[in-house]
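Let the sequences and hints guide you as you build the complete structure.
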Amino acid sequence: MTALEFTALIAFGSLLAGFLGALTGLGGGVVIVPMLTLLFGVDIRYAIGAALVSVIATSSGAAAAYVRDGYSNIRVGMFLEIATTIGALSGAALALYLRASIIAIIFGVVLLYSAYASYRQKEHTVKDEDPDRIATWLQMDSSFPTANGLETYHVRRVPLCFVIMYIAGVLSGLLGIGSGAVKVLAMDQAMKLPFKVSTTTSNFMIGVTAAASAGIYLSRGYIDPGLAMPVMLGVLAGSLLGARVLASAKVKTLRIVFSAVIGILAIEMIYNGFAGKF
Amino acid sequence: MNEQGSPPDAAQSTALANLQKDKRIDLLMGILLRTGVLLSAAIVLLGGLLFVTRHPGPVANYRVFRGEPPEFRTLRGILGEARAWHGRGLIQLGLLLLIATPVARVVFSVGAFLYERDWKYVAVSLLVLALLFYSLFGGHG
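Those sequence lines, one after another, are chains A and B. Numbering of the first sequence is given in numbering that gives the first Met the number 0, commencing with residue 0 and proceeding in unit increments. Numbering of the second sequence is given in numbering that gives the first Met the number 0, commencing with residue 0 and proceeding in unit increments.
These aren't lab readings, by the way, just hints derived from the structure by calculation. Fair warning: there could be bad hints in the mix.
Stated by the list, open to error - Reference excerpt, derived from the structure (chain B facing chain A, CB under 10 Å, subset only): (1) 93; (2) 111; (3) 117.
Keep in mind the model is a prediction, meaning the values are calculated, not measured. Positions of the beta carbon are idealized from the N, C-alpha and C atoms, including for glycine.
What follows is the structure, given as structure tokens:
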């Protein structure tokens with residue numbers, strides 16, 4: 000295969016991944032690593048480096064639109080970024096010591112969870128509770144636009160969310176993904192933020208988390224220009240396209256299909272990891 | 000806003016005040032992020048075009064991990080390669096800019112919270128910034 004053919008194939012696959020990732024809310028990053036390793040036989044370390052870069056691109060590209068809509072909670076995001084960046088540094092350090100096959104197995108398990116989380120993802124109304132002491136001190140309570148005007152909400156259980164965010168950061172640094180599913184879990188389930196606030200704040204945080212580990216991956220030589228170039232451009236173009244189509248598309252069926260595809264990829268990653276094929 | 004019509008509690012009024020102030024900052028932040036991403040994508044695309052047109056040969060072997068040479072993983076090396084208009088050097092320069100975009104957002108937040116005199120969050124964003132600088136310049140090889 001010539002460099003041009005290879006680049007075109009990877010770019011096309013990444014475009015599709017970014018497009019489906021934006022439509023389903025799973026993010027393009029999660030399928031990049033399985034695609035590169037299982038389909039193209041790329042070493043998992045190069046694959047993780049390239050995926051990490053594409054995660055920064057889509058997060059920052061989409062965050063521009065989200066912050067404008069007034070959903071994301073910047074104070075919650077900034078405070079929790081302390082946990083995710085420390086986690087990302089730990090994850091990137093851990094990646095040095097773990098064998099590629101172990102990383103592949105962990106990747107598969109996280110992928111399975113992401114597919115499951117996306118499948119059962121639904122908006123739910125949050126019952127507003129009393130203010131929480133820590134959250135009040137940190138001025139985290141805010142409001143978000145709804146059909147009936149602005150609605151205020153209180154933030155709960157900051158310490159628990161902080162711990163889950165650390166884990167999200169570790170996974171991001173270790174696997175080169177945005178860990179959006181874990182971040183949403185932390186804010187939606189632990190902090191009891193409204194769903195839309197959780198997803199947009201998660202997206203807002205992903206770029207900073209990924210940048211923390213990308214710096215380490217770059218200086219360690221895991222980011223190859225010839226591979227990262229088509230992945231980053233493809234995923235970015237695909238996700239911008241997906242975000243544009245999102246408003247009019249019926250995504251329910253698509254989300255189930257994409258979750259199933261991710262589930263299969265996850266099982267293949269785990270199987271290959273145990274078989275020592277990485 | 001308040002369904003029961005009861006007087007808003009203290010937390011709620013801070014929430015509304017925060018929202019007003021944050022609105023303008025959000026807009027600027029969005030512009031910053033978008034500019035960073037588009038600029039880096041343009042540089043990566045330019046480098047990519049130079050790279051594929053000048054390398055008609057077979058694709059590099061990615062099956063075996065060897066790690067990148069210093070000219071693609073150190074700031075000095077990347078700048079040198081990019082200045083020489085080498086395709087892969089330009090790609091890495093674009094990727095560096097991409098990594099710098101969220102960092103710039105945090106720098107921007109420090110400034111915005113300073114402007115709001117929100118000292119707690121000045122401290123929070125400075126801490127995040129310090130962690131990012133440690134990752135970028137901590138000399139992990």
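Cross-check of the supplied hints:
Of the supplied interface hints, the one on residue 93 of chain B holds, with its beta-carbon coming within about 8 Å of a beta-carbon of chain A, less than 10 Å. Residue-level restraint check for residue 111 of chain B holds (minimum Cβ-Cβ distance to chain A is 9 Å; threshold 10 Å). At a threshold of 10 Å, the smallest CB-CB gap from residue 117 of chain B to chain A is about 8 Å, leaving the interface hint in force.
When each numbered hint is compared with the structure, no violation occurs for any of them.
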